[in-house]
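Working from the sequences, and respecting the hints, build out all of it.
The listed protein sequences correspond, in order, to chains U and W. Take the first sequence: its position 206, counting from 1, is numbered 359 in this note's numbering, and each next residue is one higher. Take the second sequence: its position 189, counting from 1, is numbered 556 in this note's numbering, and each next residue is one higher.
Treat the hints as calculated values from the structure; they're not laboratory data. All residues carry an ideal CB built from backbone N, CA and C; glycine is no exception.
As a list, the in silico SDA-like pairs of lysine to any residue whose alpha-carbon atoms are at most 20 Å apart:
hint, chain 1, residue 1, chain 2, residue 2
1, U, Lys379, W, Met380
2, U, Lys212, W, Glu448
3, W, Lys432, W, Arg465
4, W, Lys432, W, Tyr461
5, U, Lys196, U, Val182
6, U, Lys212, W, Ser468
7, W, Lys432, U, Arg303
8, U, Lys207, W, Val433
9, U, Lys207, W, Asn456
10, W, Lys432, U, Gly387
11, U, Lys212, W, Asn508
12, U, Lys317, U, Ile158
13, U, Lys212, W, Met474
14, W, Lys388, U, Pro340
15, U, Lys379, W, Ser430
16, U, Lys207, W, Asp441
17, W, Lys388, U, Gly299
18, U, Lys207, W, Arg466
19, U, Lys184, W, Ser430
20, U, Lys212, W, Arg458
21, W, Lys381, U, Tyr385
22, W, Lys432, U, Val182
23, U, Lys212, W, Asn456
24, U, Lys379, W, Arg431
25, W, Lys432, U, Phe386
26, W, Lys426, U, Arg303
27, U, Lys207, W, Thr472
28, W, Lys432, U, Tyr385
To list a few chain W residues with every Cβ distance to chain U over 12 Å, as calculated:
hint, residue
29, Val391
30, Glu394
31, Tyr461
32, Asn463
33, Gly519
34, Glu535
35, His539
36, Cys546
37, Glu550
38, Lys553
39, Glu560
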Amino acid sequence: MVELIDEKGLRMDGRRVDETRPIKIEVGVLKNADGSSYIEFGKNKIIVAVYGPKEVHPKHLALPDRSILRCRYHMAPFSTDTRKHPQPSRREIEISKVISEALEPALILEEYPRTVINVYLEVLQADGGSRCAGITASAVALADAGISMRDMVVACAVGKISGKVVLDLDDTEDKEGEADMPVAIMPNLNQTTLLQLDGILTPEEFEKAFEMAVNACRHIYEVQRKALIDKYFGEDEVGEE
Amino acid sequence: MILTTNQSNLGKMKKTTPGDKLAVIEEFNASEGAYIDKDTIRALRLGIADYDIKRREIKIEPSRKVKNIPIVGDNVIGQVEAVQGNIANIRIYYINDRRSSSGFTGMLILRSGRSPRKSGRKRTVLMLGDIVKAKVTSYENSIIHLSINDNGSGVMYTTCSLCGGSTERLDHKIKCMNCGLIEERKLASDFGEFYQK
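Encoded structure:
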């Protein structure tokens, strides 16, 4: 049995229970995409490309009054400790759907009728919480593409290990822990766009976990915002409110 | 005029990311790039918020514009991908002189006009592979309808259908500079200038 939290209350990587891993976001990393971003969330490394709005193929899928959002979450064969088959797995197909549904409430899809917006997420290195990191990076890439959005979308996971509610689980904590709950929010509108729970939490633990996740999302939002402002207005101009 | 609101916002430019609070609805109206969420005006895009005090409007000048999507009235340049009877499919490459890689195709209904001189024979308006300039006339049934009926629109560039050689304008027709074949087309006013663009 792996000891996930020591007697000092620190986790295996030295973090406190309410601490996230270091986050780094870059904007506009791909020349050929309409919008792109790169995120390092702890050991997670994900690159996101947005293409569109563009014509829908096959054409019969086009909607007359709005755009379609298509997400593809894909893990590179070298992203895990054992080679991952490049074919989309059941898990990847599910996460693609989940990410699409987490982003959609933030987008004004009615502005681009009969078109499609494609979001490609390529996980280069995975270490637990890649769907949350993917959602965070996708929102940045969509903003970089100039798509109209009601708000940014930020995500962070929270879970339970060794009987304690902890923030931002890594791969080992995810596998060995008792619960995992990814949460995505629109921080300015104060609305939740994703809430999944794998495992069991008591109502009190759930409330505590949700509050921790929202607070972490607000912190990540500042990183997202800084990355966008740095890219388009220069580093000296950050934080004007 | 009495302003009860945050006067520091007035007349200034503010850098925005989507969702940023710009003002309350008592202060301003939301214009391009902004929207109203309950009683708050928020940014829709990454850009600079421009507070127009005279018109009491907030507009966002986007830092990154979305690719052009053709709308009614736009001038487009594209290539003929298919011709079937009176209908030609045009793959759009330029919208209002801006390059577009969105991959839209438009449908061009060829005018059922007849050659002015030879009655009984349909006039050749365009052929497969021609580069044409057209106008978006409607978006009916989710199809981009194009027209080349106005004077400026028509074929901008084409090659000889017999030998593939370069062509030159010969009044309302084209002549192959290689084999001398003369063909009919509905020529744009700036025929031959496509590569100069």
